[in-house]
Amino acid sequence: LGHVSTGSVSRSVQKLRVPRLTAAGTVISITLIKDLRGRRMAGNMMYYLLYSLIFVFVLTQILINFYASTARSHSGGKLVKESPDVPIRRLKGQEDSRWLDLHEEYVAEARQSKEVSVVFFGDSLTLHWLNTRSWERLSKTFYVSNFGIGGDRTQHLLWRMENGELNFTHPPKVVVIMIGTNNIDTDSPEKIADGTFKAVERVRESLPTVKVILVGIPPRSKNIGNPIRVRTVNYNRVLEERATAMGIEFVRFPNLLQEDGTFSREYTTDFVHLTNKAYNALTDALIPKIGTLIAEAL
Numbered sequence: 371l372g373h374v375s376t377g378s379v380s381r382s383v384q385k386l387r388v389p390r391l392t393a394a395g396t397v398i399s400i401t402l403i404k405d406l407r408g409r410r411m412a413g414n415m416m417y418y419l420l421y422s423l424i425f426v427f428v429l430t431q432i433l434i435n436f437y438a439s440t441a442r443s444h445s446g447g448k449l450v451k452e453s454p455d456v457p458i459r460r461l462k463g464q465e466d467s468r469w470l471d472l473h474e475e476y477v478a479e480a481r482q483s484k485e486v487s488v489v490f491f492g493d494s495l496t497l498h499w500l501n502t503r504s505w506e507r508l509s510k511t512f513y514v515s516n517f518g519i520g521g522d523r524t525q526h527l528l529w530r531m532e533n534g535e536l537n538f539t540h541p542p543k544v545v546v547i548m549i550g551t552n553n554i555d556t557d558s559p560e561k562i563a564d565g566t567f568k569a570v571e572r573v574r575e576s577l578p579t580v581k582v583i584l585v586g587i588p589p590r591s592k593n594i595g596n597p598i599r600v601r602t603v604n605y606n607r608v609l610e611e612r613a614t615a616m617g618i619e620f621v622r623f624p625n626l627l628q629e630d631g632t633f634s635r636e637y638t639t640d641f642v643h644l645t646n647k648a649y650n651a652l653t654d655a656l657i658p659k660i661g662t663l664i665a666e667a668l
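In my numbering, the protein residues as written are 371 to 668.
To be clear, the hints were calculated from the coordinates, so they are not data collected in a lab. Possibly wrong hints are sitting among the right ones.
[Claimed, not checked] Computed list of lysine-lysine pairs in BS3-like fashion (alpha-carbon distance at most 30 Å, straight line):
{"no.": "1", "residue 1": "Lys561", "residue 2": "Lys484"}
{"no.": "2", "residue 1": "Lys561", "residue 2": "Lys451"}
{"no.": "3", "residue 1": "Lys647", "residue 2": "Lys659"}
{"no.": "4", "residue 1": "Lys659", "residue 2": "Lys484"}
{"no.": "5", "residue 1": "Lys510", "residue 2": "Lys484"}
{"no.": "6", "residue 1": "Lys484", "residue 2": "Lys568"}
{"no.": "7", "residue 1": "Lys451", "residue 2": "Lys462"}
{"no.": "8", "residue 1": "Lys462", "residue 2": "Lys561"}
[Claimed, not checked] Label-pair ranges, simulated between beta-carbon atoms:
{"no.": "9", "residue 1": "Asn604", "residue 2": "Ala478", "range": "34 to 44 Å"}
{"no.": "10", "residue 1": "Glu465", "residue 2": "Arg503", "range": "17 to 27 Å"}
{"no.": "11", "residue 1": "Glu629", "residue 2": "Ser576", "range": "41 to 51 Å"}
{"no.": "12", "residue 1": "Ala478", "residue 2": "Leu627", "range": "31 to 41 Å"}
{"no.": "13", "residue 1": "Asn596", "residue 2": "Thr511", "range": "14 to 24 Å"}
{"no.": "14", "residue 1": "Gln628", "residue 2": "Arg503", "range": "15 to 25 Å"}
{"no.": "15", "residue 1": "Arg468", "residue 2": "Glu629", "range": "39 to 49 Å"}
{"no.": "16", "residue 1": "Ser634", "residue 2": "Arg507", "range": "27 to 37 Å"}
{"no.": "17", "residue 1": "Asp630", "residue 2": "Asn533", "range": "38 to 48 Å"}
Remember, it's a predicted structure, so these values are computed and weren't measured experimentally. Virtual Cβ for every residue (Gly too), placed ideally from N, Cα, C.
Based on the sequences and whatever the hints tell you, model everything.
Structure representation (structure tokens):
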């Protein structure tokens, strides 16, 4: 997808209340059409001319809505569409700068690191792990750091990695990456995987001695037939296939589903985020893998 600029109209589009504009255009168009049907036109040429103008007007509203409703950030004052495999700083919805504040804390932590053996990168699924007893288990077993930020997509993690979060004074032995759930609504499983494996590349380039573990993301939505659930399953499948082909350690997220495919409330608070029981299951799956990789690195 890359960065798609709307050119000279981008600044003006930013100022439009697009949903209202599109709705207004639709109402005007319908009104004109009804008016045309209610009148006897003096000739076919005038009739087709007015209908053509209406068509162009409606099409313009649709195009404007398309550009303004896509996931976007502001870069150099231009409207851009984000791609899962193109690093970009996260700005939208961050007027309080909390995203950048967390990023800067992680950069400082990396520079000041002394005995960190495992670093976890991800979104809120990683960040919320901090508030569980299973994280305490991890902390007692290994020297761990948590570099999760809620709401992050693969492209935001890439930007963070390229802007200091991999600059460890004393590199860890293992990096665990669990990312992609926030891309599921807008991007294809293949494109999300492109972004995730770019993150793996960044780790390998910056920290060549480090072992990487990729973790599949947990289920999304309550029911098995939900389109988001299907895309999540497909994303995990693509991740595992590519990781296996590349010799990267992949850990499937433990089964959190009932026999009928329902995402059990034992494991989720809102059919996205996880309960302590879910984190316990994931921790049980990861501790042996991490331990083996650390032993191999010694």
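Handout entry: Which numbered hints fail
Key = Checked against the structure, the hints that fail are numbers 1, 10, 13, 16, while the rest are satisfied.
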